[in-house]
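Sequences are here, hints too, so could you generate the full structure?
Note that the protein sequences, when read in sequence, are chains A and B.
Position one of the first sequence corresponds to residue 0 (numbering that gives the first Met the number 0), numbered consecutively onward.
Position one of the second sequence corresponds to residue 0 (numbering that gives the first Met the number 0), numbered consecutively onward.
Everything labelled a hint here was simulated from the structure, so no lab data went into it.
Just to be clear, a hint being listed does not mean it is correct.
[Stated by the list, open to error] Using C-beta positions, here's what the derived DEER-type ranges look like:
hint : chain 1 : residue 1 : chain 2 : residue 2 : range
1    : A       : L9        : B       : L137      : 40 to 48 angstroms
2    : A       : S304      : B       : P40       : 52 to 60 angstroms
3    : B       : L137      : A       : R185      : 52 to 60 angstroms
4    : A       : L9        : B       : Q6        : 40 to 48 angstroms
[Unchecked claim] Not close to chain B: a few residues of chain A, all C-beta gaps over 12 angstroms, as computed:
hint : residue
5    : L30
6    : V32
7    : A160
8    : P223
[Said to hold, decoys possible] Listed below are several chain B residues computed to face chain A (Cβ distance under 10 angstroms; list not exhaustive):
hint : residue
9    : G53
10   : I95
11   : L96
12   : P111
13   : F138
Beta carbons are placed, not taken as given, at the ideal position from N, Cα and C, and that holds for glycine.
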Amino acid sequence: MARHNLEKQLNILEYALSSLWRHRLKSLSVLLVFGAVIFLLASFQMVTQALSDKAKQVLVHTPEITLQKMSAGRQEAIPLAYGDKLAGIFGIRRVVPRIWGYYFDEVRLANYTVMGLEVAEMPEGARLDTTLAKGTMPRPGDDAQGWAVIGYSITNALDLAGRDTFSLFRPDLSLKPFVVRGEFSRDTDILTNDLIVMNLADARDLFAIPAGLVTDLCVYVANPTEIETIAKKISETLPGVRVLTRPQIQKTYQVVFGWRSGFGSICLLSALAAFVILAWDKASGLSPEERREIAILKILGWETSDILAVRFWESVIVSGLACLVGMTAAYIHVVYYAASLFRPVLMGWSVLRPNLHLLPRLAAGDILLILAFTVLPYLAATVIPAWRSATVPADSALGG
Amino acid sequence: MLIELSQVSKIYNQGRANEVRALTGIDLTVEQGSMVCLKGPSGSGKSTLLAIIGCIFPPTSGKAAIAERQLARLPDRFLTLHRRETIGFIFQRFNILPELTVLENITLPLLPLGVAPKERRQRAHELLERFGISHRALFPAGQISGGELQRVAIARALINNQPIILADEPTAHLDTTLSREFMAIMLQLKAAGKTIVIASHDPLVFEHPAIDRTVTIQDGRIHVP
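Take a look at the structure:
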């Protein structure tokens with residue numbers, strides 16, 4: 000009995016395949032449109048996940064706690080002396096001053112992120128050495144005056160091929176020269192693409208920030224599990240200071256990517272809904288040829304459930320293939336083309352766009368989510384109305 | 000008796016404004032191995048009677064027993080199962096699916112029966128040989144001649160070796176030669192023990208010597224001259 004049922008299902012599957020082949024133009028159009036919708040959804044899902052992973056991976060190199068002075072809800076320079084007030088908090092390994100700002104290049108109409116810090120003062124493991132593709136960060140005792148380590152896009156923006164020096168304008172329009180000592184790895188593009196790291200004194204000179212002030216203080220802790228406790232103690236010691244922890248920054252990135260992805264997904268789900276409605280509409284109506292075919296099959300001994308099974312297999316094959324095509328295309332789009340369609344939406348409209356190498360994890364949960372949002376609605380939209388078409392009376396194949 | 004109808008009536012859309020009484024008080028018996036012609040003009044109720052004999056739907060009232068099975072209380076699913084095993088249909092214009100090959104058309108009734116592909120092909124080839132169209136097996140049915148189409152339709156009606164063959168206006172769109180050829184094949188099938196009921200108002204059919212009995216249907220009733 001089981002063998003008979005299996006043979007029957009195989010026969011019905013064979014008929015469904017032949018039916019799809021007979022209506023190959025229609026099947027191919029549905030496959031392409033459905034595949035495109037799945038491609039867009041899967042791309043969004045994969046790129047969001049890959050970006051979040053990438054951000055998480057890169058943020059490992061950021062300080063555990065960052066302190067910024069706030070005034071009237073806006074950030075302003077923080078006195079170096081604030082670092083001394085933290086001396087009594089147990090668990091702080093080191094406090095490193097940092098100048099973080101943006102330099103607008105009027106010639107190239109691009110914003111560069113400038114980070115000035117005393118790399119030599121940074122604790123072991125946080126010196127950014129591991130993120131360099133070439134060159135090195137200055138070691139303790141090195142003359143760090145005038146050096147710069149730059150992100151990938153800066154090389155292109157400043158046209159540094161074949162030379163290692165460049166100059167930036169101070170606020171008084173005098174030029175400040177730099178020597179390139181290193182270049183950040185492309186793996187960290189998401190954060191370092193437009194970044195210029197330099198000596199703290201050089202950054203102070205470049206932005207004309209008075210001595211004794213920096214934009215933020217980076218706090219490194221001895222035990223990462225103590226971050227929240229130490230952050231709380233800092234807040235109590237320095238009430239007017241904004242205390243940002245690494246987990247908070249990571250969460251912010253997740254939220255930003257999540258929000259952008261959610262917005263995009265809603266737009267794409269609307270497209271999917273439109274497609275499903277169209278599929279429902281198509282499956283509800285029958286052409287005279289289709290009615291005739293169903294009537295003939297029924298009079299030849301096919302049951303209503305057999306006709307429904309044909310429709311079910313047709314939908315499974317079309318949606319399965321569309322899923323395969325859409326998800327493969329999405330993977331290629333994200334991995335080999337760095338999600339070029341969605342980068343502006345997900346990463347902002349910076350002039351210096353990071354050329355990311357994204358590698359999405361294909362988790363079973365994500366695949367199931369995409370299947371649930373695409374294949375299931377399509378199956379419902381095609382099989383449920385097929386019930387009505389499968390009940391075409393068999394006698395309509397007979398003459399008057 | 001292989002077909003036994005007693006006081007059979009059929010009313011479409013019963014109790015509604017568009018109620019149609021298609022058959023009234025039909026009594027008909029057909030013995031095994033005989034050939035009966037249901038004759039009458041279009042709209043007389045021939046096709047409805049053929050549908051009841053073909054287990055497509057039960058009568059509204061009266062008794063209908065086909066191959067010793069009473070249809071009146073059979074649910075739709077069992078009517079289908081009984082039809083599969085008992086009835087082979089030949090339609091007006093043959094109702095062959097033109098995009099399918101000749102072989103695929105012939106084996107259509109076997110698919111829901113769970114017959115394996117090898118056996119399906121074997122049975123179809125035997126019939127194609129018998130009707131001399133084996134060279135057309137893999138042709139799309141839409142590309143073969145009218146005479147070949149007719150033989151494909153007959154082969155399909157015989158593929159599951161059903162004891163009863165029902166033909167609905169089979170010669171309505173055939174020329175005289177093909178109509179004669181059709182009746183010759185029916186004669187062979189009758190000789191092989193098949194019970195055949197043909198609905199037709201073509202004199203070439205109802206006056207054919209192989210027809211054992213002609214039943215005239217008029218306004219849903221059997222007309223007795």
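Now for the hints, and whether the structure bears them out:
1. L9(A) <-> L137(B): 40 to 48 angstroms: Check failed, 21 angstroms falls outside 40 to 48 angstroms.
2. S304(A) <-> P40(B): 52 to 60 angstroms: 38 angstroms, violated
3. L137(B) <-> R185(A): 52 to 60 angstroms: 57 angstroms Cβ-Cβ, so the 52 to 60 angstroms window holds.
4. L9(A) <-> Q6(B): 40 to 48 angstroms: For L9(A) and Q6(B) the Cβ distance comes to about 45 angstroms; the hint holds.
5. L30: Per Cβ check, L30(A) is outside 12 angstroms of chain B; nearest 19 angstroms; holds.
6. V32: 23 angstroms, holds
7. A160: 62 angstroms, holds
8. P223: 64 angstroms, holds
9. G53: Check passed: Cβ of G53(B) comes within 7 angstroms of chain A, closer than 10 angstroms.
10. I95: 8 angstroms, holds
11. L96: Since chain A brings a Cβ to about 6 angstroms from L96(B), closer than 10 angstroms, the hint holds.
12. P111: 5 angstroms, holds
13. F138: 15 angstroms, violated
Going down the numbered hints, you'll see the structure goes against 1, 2, 13, while the others check out.
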